[in-house]
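A.B. asks: Using this note's numbering, you'd call the opening residue of the sequence shown number 1 and step up by one each time.
Wrong hints could be hidden among the right ones.
Claimed, not checked - Just the calculated beta-carbon pair ranges, DEER-fashion:
#, residue 1, residue 2, range
1, Gly95, Val179, 45 to 51 Å
2, Glu52, Gly177, 37 to 43 Å
3, Ala101, Phe273, 31 to 37 Å
I should point out that these hints are in silico values taken from the structure, not numbers from a laboratory. Don't be surprised by glycine CBs; every beta carbon is placed ideally from N, CA and C.
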Amino acid sequence: MVMRFTHNLARNRIVQRPIGLEKVAARFGLTDRPISLAELWRRLVGVPLAPEITVRPNNVSASPAVQRADVLIRDAGHGTPRAVDRFEFAVFRDGNLVGAATIEAGSGIFRGDTAQTGAGFDRGVGFSLEATARNDAGSALARKAVFFPAITPPPSRPTLAFDRGASRLTGAGFEAGEVVFVRVQVRGNNTIRDSFQLPTGLPQTRADSQGLIATPLDLKAAVPVLVVDDSTDPPTVLAGCAEGDSVSIQAHDDRRDPQSPSNDFLWSFAVHFIC
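With the hints as constraints, model all of the structure from the sequences given.
C.D. replies: Spelled out as structure tokens, the structure:
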């Protein structure tokens, strides 16, 4: 029998209080089954070391609203009896738990002594990340990291210019090397003709390495023809624009407008003129 000494305040003297061996075994995580000396050593002195946690921003699937980041949790006792069996990982926002996960040491996201996982964080909001290392011998004090994703300014809208005499469209501010889609809209008396109505889709060109475009643009081909008299054979049609019609030209390179409630394209500033 093992004895524990405590102070008896009522009698102001030292008394002996017996503790069963099963309680001692429970305190050190032991059971009545046979265990090896290595396991006994691990359970007695193998409590894991506090983990090291790092948050590293990346640009994979990043957006103006959300910052992607890699969360790395390192096992400081890797390769020793104090190695972890698992990490318990939690994310807090304004003191409220917004995400949690358990990462097992044998899982696929463990590489050597480090577990790495990806997460998305709202920009402009502070986050606290907490990791606790655990194994059969117990757990280490939790380590914390603070991450504050910066707010990115919205992208600038591209600009366009149209030379009516040369039927040539130029522009700047597009993504380098990306396909640029051109939209032309012609408004007449009670009529609207739009490039969106073309069976071939929007006219296309491609931005150069500096994000510039320079391409011919034939208004007669850029919008559907307008049937002005269907009693003739063939019907009388108008291609392009008639005198007094208003023309609007815009373009986009498939980027989305982060300020658009409907997630619309980031359209360029429009060019307007009257035919």
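A.B. asks: Enumerate the violated hints, using their earlier numbering and listing them in ascending order.
C.D. replies: When the structure is compared with the hints, only number 3 turns out to be violated.
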